[in-house]
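With the sequences and hints as input, model every part of the structure.
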Amino acid sequence: MSRRTALLLLLLCGPLAAEVKRLVVLKVDGVPQEVLERELQRSDPITRHSTLPWIDRVFAQGGTRLANFYVRGISLSTPSWSMLDTGQHLQIRGNAEFDRYTYHVYDYLNFFPFYVGYARSQKVDMPGVEVLDSLGVPLLSDRFPYESSYQGFQLFQRGVRWKTLQRGLQHRFSKPLRDLLDEWTIGFELGSSVEDQMERELIEKLADPKIQYLDFFTGDYDHVAHSTPDAASQRAALQRIDALVGRVWTAIESSPDASRTALVLISDHGLNTQPGIYSQGYDLVAFFNSLAGGAHHVVTNRHPLTEYKLKGLDPFVSEVVTPSDASLYLKGESGDYPTALLDLDGNERAAVYLRNSDWNALHVLLQAGQSDGAEFLRIVDRHRAVWQSTLEELREELGALRRAIDAERVKIAAGPKKWTPEQRNAGLDKASRRLAVQMESWRNQERRYTEYTDKLAKILALQPADFEKRRIPAGDLIPERAMGDANTIYDLQNYVVGAAPGGGFQTIDYFPLLASLAVKNNVQAGVGSHPVDFIAMRIPNPEDPQGEDAVWLYANEDRQAIVFSRRDAAGNLELRYRPIRGLRQDRDGVVHFEPAEFAAGFPLRLWEDPELALPEGDRAQWLSGWHGEQEWFRAVHKTAYSNGIVALHEQFLRDAGCRDLEGDAELLARFNARMRRLAEPDFLIFASNHWNFNVRGFNPGGNHGSFLRMSSHSVLMLAGGEQTGIPQNRVIEEPYDSLSFVPTILELMDRRKDAAGMPGRPIQELVPNEKRPGTR
Amino acid sequence: MDIETLNLRHTALLVVLAGVPVLAQLSTPGVAPATEPVQDSALDVSHQYSRSAAFHLDREPLPGGAELVTLFGRLQDPATGAESLYVPLISVLRDTLGDGSNADDRLRYVWILTSTRPTLVQRFASALSFVRFRTGSEPHANRVPSAVLDLAAPGKTVWSNLLGHGLQSTQLDPLGMTVRTATRSYRGNFSDYRKVQIFQALGAMEALERSGNDPVWLPEADLRQVYSRLSLSNHTFGGLVRDEKLARYYDKEATRLQQAHGHNWELLRQRAELAGLYFEPLALPDATPSEALLWVAREDLGSRPARRFDRQFLNIANPWTDERLRNWTGYTQVRFLDAENRIVAEDAPGARPVEMIPLALYSLDYPRVPLLLADFRDTFKPKRGELARHGASTLLTGVFGITRFGNWTFFAADTAWTFVRGRHGAAEDRSARLRAYSEAREFLALDTMLDPELKTEMLRRVDHLALNPLENGISTEATVAKEQYAALLQYAQSPRFTARLERDRRKELASYTQSRAARMLSSFGHLFTGTPHPDTEKPADFLAELTARRSLAYHQRFLQQLLASGPRPDVVGNASDILNSVEALASDPRGGLRASRLISEVFARSADSEVRYACLRALQRSNAIEARQELWRLSQDPATGDGWRVICMFYFKGENPTPPAASPGGTP
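Chains B and A, in that order, give the protein sequences. Per my numbering, the very first residue in the first sequence carries number 1; after that it's consecutive. Per my numbering, the very first residue in the second sequence carries number 1001; after that it's consecutive.
Errors might be hidden in some of the hints.
Cut-off 25 Å, straight-line C-alpha distance, at most; resulting in silico cross-link-like pairs (PhoX-like, lysine-lysine) [said to hold, decoys possible]:
1) B:Lys175 to A:Lys1245
2) A:Lys1252 to B:Lys175
3) B:Lys175 to B:Lys163
4) B:Lys331 to B:Lys455
5) B:Lys469 to B:Lys455
6) A:Lys1245 to A:Lys1195
Cβ-Cβ distance ranges computed for the label pairs, FRET-style [what the hints assert, rightly or not]:
7) A:Gln1561 to B:Leu177: 20 to 28 Å
8) B:Gly191 to A:Trp1159: 30 to 38 Å
9) A:Leu1521 to B:Asp179: 24 to 32 Å
10) B:Phe112 to A:Ala1413: 27 to 35 Å
11) A:Asp1541 to B:Gln166: 51 to 59 Å
These aren't lab readings, by the way, just hints derived from the structure by calculation. The C-beta atom is built at its ideal place from N, Cα and C for all residues, glycine as well.
Below, the structure written as C-alpha cells:
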C-alpha cells in the first residue's frame, strides 16, 4: 500500500473514530452505589418505571455504569475529589489538616473565607486548589482552555462568579407574589438558589460550541443522608439528582455536538447509611480533654456543638480550642499551648495530631525549674541530630523562599494593573492575582517557619550553664501553638501528659486506651458498644529499614497487622498483609512484635470475610504473600472493608520527592513536600460500623471516612452521543478506583499523551486497547 | 358615636370573635343533635384487621355516591392494661360520584373525631387567663362533629383567622386590660386546642404511612393531600398554598420530622452517655422513635457522688447529688444487661440485674432539642416552665398590651431574646411544643409495649402539661371520638347529608363553568332575594356533567404535573397513563384551548413516537378549533423537526398516515 493510500485511509477513518469532544460531569457528593442501585431497581408503584427514571434511561439503558467503583484512600470528600479532579495520587489526606510546626489550618471545606477573600482580592482559588497548585498538580478542568470550560461551585474551585450568586438570588425572588407566598409558607430554600442558577448556566453554556468542559456539583444527597437514614428522604434527594440528569441530558440532546458529548455521573465516596439504624457519635474531644485521655487542650476546625453556640454562627472559624480543666501542667494556657489537634470531619475516622511527647517532657521540666537542666539536655541530645538537620534544611528552604518572594514581587510589579474584557475572559486577571496570593502565602510561611526555627535554634544552643543563670520560662524555648515533630510509636506508647507525683513523668499508652473505649448505652441491635474499630499509623519498615514505610493497624494487643509495600522490577506496587500481636517500639526506634496466626478479628477482617475472592487454596497462605495491587483489589473489593488495603497504602503513601530539579526550584519543591509531611497526623482512628466521631453536630443518618464498603463504594456512570463510543446498556464488573477516572476521560477525549502520564489504570471496557497510545 | 353605641358595637365584636375559632372549623354540615339513637355496630370494625396493626383505614359507603374514610388507632387502657380497642380518629368525606373510577373522586370534609365542641364551663374558663388546667367535659354523644377543614376550599380559614387577628388588635385590645386579656386568652386557648387536635391527627397519619397499612383503594396521594392540608392549616397563610405545591410540602415535612427524630435521639443518647445515665428510645411499631426515657441505675448512685453533671439539654436536676434518688421508693424496673450493656433475658449467659430508676421522659419531635415532658422527681417542673412562659406572655400582651406587631422595639427585643435562647437549646417555639406534647399523648395512648405501671406514671405526669381548659383527657377523647363517629355515620346516612352533598356538588360544578365574580354575584343575589339556587338540571345530567368536569380536571392536572416534573413526560410517566389522559382530554370538547395546548406540549416534549402519534391523533380527532390551531403551530415550528412537521401537516389536513413501528428515539 502506498503512503498516499494509507494517508487517505487514515483521513477517511478519522471522523469515524469514536471520540468525546465535550465533557459534562455531574458531581454528586456522597451518593453510595448501593443506595443508587437499590433505588434504580425499585419500581415506582404508580408509573411502573424505575424510581430514578432518567438515570435508568440515560445511564442504565443508554450508557455504561461501573458496578465496582471505589474511593482510593479514605472516603472523605476533599481527598477523594482531589484524586477524581486530578487523576494523581493523594496529596491532601483529610477535610482539614494542621501544620505541626506552624499550626496553620488547611480548612478545605470552609468556603466563607474563600468568598470573602476573593471579594477582597486576597484569594483566587479554594484552599485545596492552592495546595495542589503549590505541588504542580493540575485539575482536569485546567486541561481545557480557560474560556472553554465552565466550572460549578465546588471544593476544588477556581474563582468565583458573582453573577451566578446574584442571578440565583434574583431568580429566587423574581416570581409572582403567589409563588413567593407559597414558598414563604412552605419554607424558602435559599441554598438551592445557587445550585439552580448553576444548572441554568450549565444548560445555557451547552448551547455554546466553544465550551468543551462543564461540571456541576451538588451536595444535596450527602446533606440529607448525614441527617437521616430514612429511605424515603434519601429517595427524594436522589430523585432531585435524577431530575437534574434529565434536564441536562435533554439539553445536551438539543445542543450542538450532542453526538460527541459525554455525560458523566460520579460520586466521590459512598455513605454508610442503613434504614432503621442511627449512626452514633463518640466525642473524642471530651476523651482527649479528660484526665484519662491525657487532659489535652484540644483544637478542632469547628466548634463542638456548633448549632448551640452563638459563636457557631461565625462562618470564618477554622480553629477552636476546647480547653481541659484537668490539664496537669498547662492549666489556663490553652491559647498558647494546645496539645492535641483533631480533624474529625468525615466522621468515620479521626486524624489525631498530638504534641511531640518529648516537647511535653521539656515543658514539664521547664515548669518544674530544674536546677542543672541535665534531664532537659538529655532529651534534647536524643533529638539533636534530627533537629539540627531539620534546622539546616529549613533555613536553606526559607532562603530559597525569600528569593522566590523577591522574584515574584518583581513579576507582579511588571504585570498590568488593569484588564480588558478580553483578558478577563481569558482568565489573565485571575492568573495575575494568583501570583499575588501565592506571594502572600509564601510570606506567611516564611514568617511562621522562621519563628519555629528560631525557637528550635535556641533549644539546640542551650548549655548547662544557661540553666544555672536563671530559671528559663517555657515560653522562651517551647514554640507556642506548635506540635513539633510527629510522635513515634514509642512516644505514643509512653506519651507524657504531666509530671508524676514521685518524680518522672505520667505517661499514657494510647493504643490500648483508645481501643478499649466503650459506651454504657447499647440500644441498637446492629451497633456495638465499642466506637473504635482500629488505629492506623505509619511505621518504619520493621523488616527492611531501607524499604518503603509500612502501615501498622491496631485493633487490640492481640489483633494487629502490618501492611508492607514494595515495588517489583517494573515499578509496580506490591502489598503484603501480615497479622501480628504485641508490637512495641524501643526508645531507640527498634520495633518488636510477635507474628500471629490468621484468625477472626484482625484489622480489615479479611480472613473471615465470606466475600474474599481468592483462588482455590489456603486462604492464610494467600493473604500473607506478596501480591500486586490488581490482585489485591480483585480479591478484596467485595469484602466489608472493600479495597481498604490498597486505600491504606494510598493514604500513607508519600511523594517520592523532587526529581529533575535543581537549585532553588529543588529547595522549594522540598519545602512543599515538607509542608505536606508536616500536615500528616500521628495516627488515624477508624470508627466501628455505624459509629462516628463528629462533634460539630449530629450525623445520625450515616457517615463516611472509613474503608467500609458502603462508604467507599462510589458511583461512576457514563453516557454519550453515538460518536463518543461509550457502550449502551453495559455494566462493568471489573473493579476500578478513583485514579482511573481522569485517564479514562482523557483517553475518551483522545488526549492520550496526557493520559499516559497518569498513575491510574484507564477503564479498559470503555477505552479498548486499540485506542491506547501506539496501538491505534 | 355615643358610649352606648360604642359598647354595643364592642359587645357584638366580642361575640363575633368568641365564635371565630369555632367558625374557623367551618360551618358544620348539620350540627343539630341527631334525632335517632346512635348505633354502635358501625364501630365494630377492629375484627377485620391484624391485632398488631396500630392504625388502619376503613371506609363506609354513603348514599348519594360518597364514602367516609376513617382512620382508626388501637388504644390500650394503661390503667387496666385491658384489651385494646380501635378508636376512630379522623374521618374524611370522599365524594366518589358513585362510580368505580378514581379520576373523578374528590376529597371534601375532614373531621377530627377526638375534637369536640367545648362546654359552656370550658368556654368561660378559657377566657380566664389564670385558669391553666382542664375544666372537665362531657361526651357529646348525640352531636355531629364540626369539620376541621374543607379540602375543596382550604383558603376559607385563612381569611377568618386574619379577620380574627385584625379585630383583636384593632378593636378589642384598645378596650382595656380585662377585655384584652380575656379575649386573647379565649382565642389563644381555642387556637391551641385546635392545634393539639391537628397534631394528634398528623401523628396518626404519619404512623399509618410508615406502617404501610394504607389500603389499595385509597391512593397514597390522597392521604398526603389530607396530611399536608391539615398541617398547613396551622400556618397563617397555609390555606392559600396551591395544590401543586402539596407534594413538595409533604416531602419536606416528612424529611424534617425524620431529621428531628434522628437528631434528638442522638443528642439525648450522647448527653445520657456523658452524664452516666441510661437512654431508652420509645417508638410505636414500624415508626422511628419519637420519645425517649432516661434512667439511672441505683447501683451507680452510690459510686458517683462527685461526678460532674451538665444539665444543658437534659433540663433535670443532678441525679448524682440528689438525696431523693438515694431513698427512691417510686417506680423502678429491673433489667438484665450483658457484658456489652445490651438488654437480655434474665437467663442469658452473663446477664446481670440492674435496678433502674426513671428520671425523665422526652419528646424527640421538637426541632433541634429533646423536649422534657415529664420529670419523675419533680412532677410539676415542665408545667412550671409552661406557666412561666404563659404568665410572661399574659403580662406583656394581656396586661400591658405590648404586642410584637404593635411595638417594634418589643418585636426586636423579643426576636433577639428568642433567637439567643433558642440558639442555646431552649424550647421557645410554642407551636412545636404543642406538637411534641400532643404526639407524646398519642404515643402513650397507642403504645402496647411499655409496662402498664410505668405508662400510667408517664401519663399522669404528661397530663400535668394540659394547661388548656378546653382539653379533655385521653379516655374522654376516646369516648367522644366513638360517639362522634357514630353520630357522623348516622348523619352521613341521612337525607340531609345527601342534600348537602348535592349542594356542594352544584357549587363545585358552578366553579367549573362560572367565573369567581359571577358566582359571588349570584350568591349575593340569592342572599338578598332569599331564593334557593335554581337546580334546574336533572340529577342524571348534572352528575354526568360533574363527572366529566372532574375527569377533565384530573387529566389536565395529571399532564400538567407530568410536564412540570421534567423535560420529557414519556420518561417520567407511564406511557399508557399519558395516552389515557391525552385520549380523555381529546374526547371531551369542554377541554378547549387548555386541553389542546397540553396535548401539544406533551407531543413537543416527548420522544416516544407512540405518544407523539397518539397526541396528533387526539388533536386531529378533536373538533375544536384550538386543536387544529395547535396542529398547525406544530407543523410550522422548526423545533418539531422536519420529519414530524410533515406528519403534523398530514394530520392538520385530515389525513391519517400509518405510524411506523415505535422507535424510542422519537424519530417518525
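Taking each numbered hint in turn, which are not upheld by the structure, reported in ascending numerical order? none
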